[in-house]
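Colleague: Here is what each chain is made of, one letter per residue.
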Amino acid sequence: GAGVSQTPSNKVTEKGKYVELRCDPISGHTALYWYRQSLGQGPEFLIYFQGTGAADDSGLPNDRFFAVRPEGSVSTLKIQRTERGDSAVYLCASSSWGVRNTEAFFGQGTRLTVV
Amino acid sequence: GQNIDQPTEMTATEGAIVQINCTYQTSGFNGLFWYQQHAGEAPTFLSYNVLDGLEEKGRFSSFLSRSKGYSYLLLKELQMKDSASYLCAVKGGSQGNLIFGKGTKLSVKP
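Residue numbers (the numbering used here), protein chains in the order written: chain A, 913 to 1027; chain B, 1312 to 1421.
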């Protein structure tokens, strides 16, 4: 696609429910990042994929959070037993292969509200 | 561990020059990025440094000193539309992960 696409753009869910957030990266981009951003803060790293595998998942806050990228393209971030503290904007970014000069392009984010 | 520090807020006057500093301590280094983020929008790429020195791109310049773990973003001829958050991010480690600082909120006043 032309850019990184995230769906849904907004999600309101009740505490304790399960949610899935989807990210469709730029075609051909092998690197995919998930971040969480609260108001007035910088993006907080969650997980980084290189291809189908999670190269670094050290930012996932606990075992309620899980992400997959089964075919090396679309990724889904899954949150179980949501809590009010999970409310934030979840950002996805992708970049082309290469460790160095490869800027990451961001999607518009999914605003998750847990009530 | 990984740590990226930048000032929380800055204020400057339209037409002036402002310098936003960033210091970092990361495991591995594969380049430093600056992003701009307007309220309610996604971050957009501004600049990239991997070697020491100054990179200039129009009104924006970015400087890097790897030995000092230090970078700055210089904005010249400030315009009202430059009011935004400026995010410093470091690509570290062998896998090329990208870690962000908390951002500097810049307010440009007439």
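Don't read these hints as lab results, they were simulated from the structure.
Virtual Cβ for every residue (Gly too), placed ideally from N, Cα, C.
Hints may be right or wrong, so weigh each one.
[Stated by the list, open to error] Computed far set for chain A versus chain B, every beta-carbon distance over 12 Å: (1) V980; (2) E983; (3) C1004.
[Claimed, not checked] Now the stretches of chain A that chain B is said to cover, found in silico as 3 or more residues with beta-carbon under 8 Å: (4) 928-934; (5) 985-994; (6) 1019-1026.
[Claimed, not checked] When the alpha-carbon atoms are kept at most 27 Å apart in a straight line, the in silico DSS-like pairs for lysine-lysine are as follows: (7) A:K990 to A:K927; (8) A:K990 to B:K1413; (9) B:K1392 to B:K1379; (10) A:K929 to A:K990; (11) B:K1413 to A:K923; (12) B:K1392 to B:K1368.
Colleague: K1392 of chain B and K1368 of chain B were given as a pair; does the straight-line alpha-carbon distance stay at or below 27 Å?
Modeller: holds, 17 Å
Colleague: Does the claim that V980 of chain A lies off the interface hold, with its Cβ farther than 12 Å from every Cβ of chain B?
Modeller: Answer for V980 of chain A: holds, closest chain B Cβ roughly 18 Å.
Colleague: Check whether the Cα positions of K1413 of chain B and K923 of chain A lie no farther apart than 27 Å.
Modeller: holds, 24 Å
Colleague: Holds or violated: K929 of chain A and K990 of chain A, Cα atoms, limit 27 Å.
Modeller: holds, 11 Å
Colleague: Mind taking a look at whether chain B covers the region 928-934 of chain A? Criterion is 3 or more residues with CB to CB distance under 8 Å.
Modeller: violated (count 0)
Colleague: Non-interface claim for C1004 of chain A: all C-beta distances to chain B beyond 12 Å?
Modeller: violated, 9 Å
Colleague: Are three or more residues of the region 985-994 of chain A within 8 Å, CB to CB, of chain B?
Modeller: violated (count 0)
Colleague: May I ask you to check that E983 of chain A keeps its beta-carbon over 12 Å from the closest beta-carbon of chain B?
Modeller: holds, 20 Å
Colleague: Between K990 of chain A and K1413 of chain B, is the straight-line Cα distance small enough, at 27 Å or below?
Modeller: Cα-Cα ~24 Å, so holds.
Colleague: Below or equal to 27 Å on CA atoms is what counts here, so check K1392 of chain B against K1379 of chain B.
Modeller: Given that 27 Å is the threshold and the Cα spacing comes to 31 Å, the pair is violated.
Colleague: Three or more residues of the region 1019-1026 of chain A near chain B by CB distance under 8 Å?
Modeller: Per the Cβ count (3), the hint holds.
Colleague: With the threshold set at 27 Å, check whether the alpha-carbon distance from K990 of chain A to K927 of chain A stays at or below it.
Modeller: holds, 14 Å
The structure fails to meet hints 3, 4, 5 and 9 from the earlier list, while all remaining hints are met.
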